[in-house]
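Listed below, chain by chain, are the residues.
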Amino acid sequence: MLFKVFAKDELPKLFDLLAANPVIAPVQKGVDQHGVPLFDFDVVHDFADLRLDYTSTIHSAKRYFLPYAETLATFTVDKGGWEKQVDLNIDRRQVLFGLHACDINALNKLDKVLVQSAYPNPFYAAKRRNMFIIGLQCTPRPQCFCRSMGTDFALHGFDMFLTDLGDSYFAEILSAAAFQFMARIVTREPGHDDHERYKAVVAEKNGRFQAKVDSSDLTKILDMEFESPAWKAWGDKCLSCGTCANVCPTCYCYGVEENVDLDLTGAVKTRRLHSCNLIDFAVVAGGHNFRPHSHARLKYRYYHKHRGFVEAFEEALCVGCGRCGEACLAGITVPAVIASVREGG
Amino acid sequence: MENRLPFIDVLGGPGGRRREDFTSFEYTLPAEITSLYALTPTETLYQIRIIDPTARQRFTFQPGQFVMLELPGIGEAPFSISSSPVRHGDIELCIRRVGNLTNFLARLTRGARVGLSGPFGTHFPVEEMVGQDILLLAGGLGIVPLRSPLSAVLENRSNYGRVDIMYGARNPAELLFTYQYEEWRRFDINLAITVDQAGPGWQGPVGLITEVLKERLGQAGSLATGTCAIVCGPPVMFRFVCDLLTRAGLPPQKMFVSLERRMHCGRGKCCRCNIGSTYTCLDGPVFDYWSVMNLKEAI
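Order-wise, the sequence lines are chains A and B.
Each residue of the first sequence is one higher than the last, beginning at 0 in numbering that gives the first Met the number 0.
Each residue of the second sequence is one higher than the last, beginning at 0 in numbering that gives the first Met the number 0.
Treat the hints as calculated values from the structure; they're not laboratory data.
Any given hint might turn out to be false.
Okay, derived cross-link-like pairs now, DSS-like style, lysine-lysine, Cα gap no bigger than 30 Å in a straight line [what the hints assert, rightly or not]: (1) K304(A) to K213(B); (2) K295(B) to K111(A); (3) K78(A) to K111(A).
So, partial list: chain B residues that the calculated Cβ filter (under 7 Å) puts toward chain A [stated by the list, open to error]: (4) F6; (5) F21; (6) R106; (7) L107; (8) K268; (9) C269; (10) G275; (11) S276.
What you are looking at is a predicted structure, and each value in this text was computed from that prediction instead of being measured.
Cβ coordinates follow ideal geometry from the N, Cα and C atoms, glycine included.
Using the sequences plus the hints, can you model the full thing?
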């Protein structure tokens, strides 16, 4: 891996070079009732709007790869029949500036199931491959449990990764394009001091983690505790609103709906992200619902993320970002659910 | 160097390089409904033909696999292929009117254009069943996916031992493919049909399919070694039938079920058909009973 160090005032220059492409970055959207800033990803035109000190965003960056609603196809219809047109809905490269390790790992997990699998999804792949990603070392919040999920550091899936060393940035360069951009700002080779400062920053980060999830042997424990009363208790709390899936960086389930244009000469096929907590998730034609109860749906959500996905890809479909727990109106958090299930209810 | 990053065409436009085959996603085959035949007031048998002759010939499937059928603006849904694999892209689908898409389909006429993609999913391993006895157990619409392996067996009837079809429906009026029963019998198939409620003129047995199966198992209650079973029906049927077969000594890897789940893609992407994270569309719809035993909430 190639490392460079550059002074902090070089970062706006790097931003301006990259701004020849649409740049998406963390910005402040408002404050909550306690005056704490609320962040989210948005298109940014000015470096001054960037909030690289952001803690976490309300929504993940998922919508730039898997839009909540996306046109999969349009149809022209006439008496003789119909024609289908498919558009992947992306025509340029974009830049994602300042993505934390958990969210990069979320994309790497999505790559596995959506691209490195049978029937790869071109809609996702086109957006993923056309996104130039600059990662950013984070400051963990109390609810972050990425360290338990092994997603507190990103090994790949980005172009460049920055760590704040105080007066300068320590950069890992992973792609040729990133290397070329770095050649256009003033950088230097890292020295022994820089390595030591980098290690100190990382050690300080590691010391901040508070929330934990014990995922050891979890696939088996989930099977043993399939009938645990804990599921029913959490299910009774769950509002089946789907907010957790909405904010989750790895939830990719969807539904497809088709609509006919009012003049009957065309139609649109739309993919809409769904949630396994919504009541109609597993309803089949004729009305049979394979998961009619909220506890069955909540359990399935954990079963998919922490058992099934592990079986298929040897890692959980959860990066421990804590967004679901924060957004949940019923106060359901992953560490609490898994701890209670481990205890057998 | 240009600051604008070069666009990457994942479909590998002119001169491009493509790492994955993305063409199986969303790119459907134009097809035509060549005929419709009402089997009952609610079920229709559709003959569907892929229009392009080359694509039609290249369309090969195994019994038990399904297709996604699409009508623009109306919807897309999975349907089991109900015809013989030797007919390639000239397939038969038997569809019950139950939702938007299927009610719309029933109002179409010959020549209507539909979109097909597939075939998807796993299949009944009829080649591996050569030389063995086969039990086909169907409840209600479950006869539809079973008709494809049945056709494959009929085409090579001498390759198989004793073949039994046990088929249960709610009442005689709901029985499907009644016009084929004599043909099946002519191929030396033991056909046992039962209904939950007898109707006018019904001479056959009344009761659950498990009763018919118990009768077949006889006093000994066991099956000859070298027997395979194929089971498809409503969710409640699987457990009873599979338990009975297990007690009769049929090993789980020789019992095959075809499961129904909601699907929006058929390609392992929408997760609607998941059982755990097992995709019914990729790892199913045909599972051996051993796999089902290992899946929570499968049946």
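Item to check | When the least beta-carbon distance from F6(B) to chain A is tested against 7 Å, hint result | outcome: It holds, given that the least Cβ distance between F6(B) and chain A is near 6 Å, below 7 Å.
Item to check | Given pair status - K111(A), K295(B), alpha carbons within 30 Å | outcome: holds, 24 Å
Next on the checklist: Take the shortest C-beta to C-beta distance between G275(B) and chain A; is it under 7 Å?
Outcome noted: With a closest approach of 4 Å, the G275(B) hint holds.
Item to check | Restraint satisfaction for R106(B) [CB to CB of chain A, less than 7 Å] | outcome: violated, 14 Å
Item to check | K304(A) paired with K213(B) [C-alpha distance capped at 30 Å] | outcome: violated, 41 Å
Next on the checklist: So if I understand the rule, the pair passes when the alpha-carbon distance is 30 Å or less; does K78(A) with K111(A) pass?
Outcome noted: violated, 42 Å
Item to check | L107(B) as chain A interface residue, shortest Cβ-Cβ below 7 Å | outcome: Result: violated, 12 Å to nearest chain A Cβ.
Item to check | Satisfaction of the C269(B) interface hint, Cβ to chain A closer than 7 Å | outcome: holds, 5 Å
Item to check | S276(B) as chain A interface residue, shortest Cβ-Cβ below 7 Å | outcome: holds, 2 Å
Checklist entry - Close enough to count: is the Cβ of F21(B) nearer than 7 Å to one in chain A? => result holds, 4 Å
Item to check | K268(B) as chain A interface residue, shortest Cβ-Cβ below 7 Å | outcome: holds, 5 Å
Of the numbered hints given earlier, the model fails hints 1, 3, 6 and 7; all others are met.
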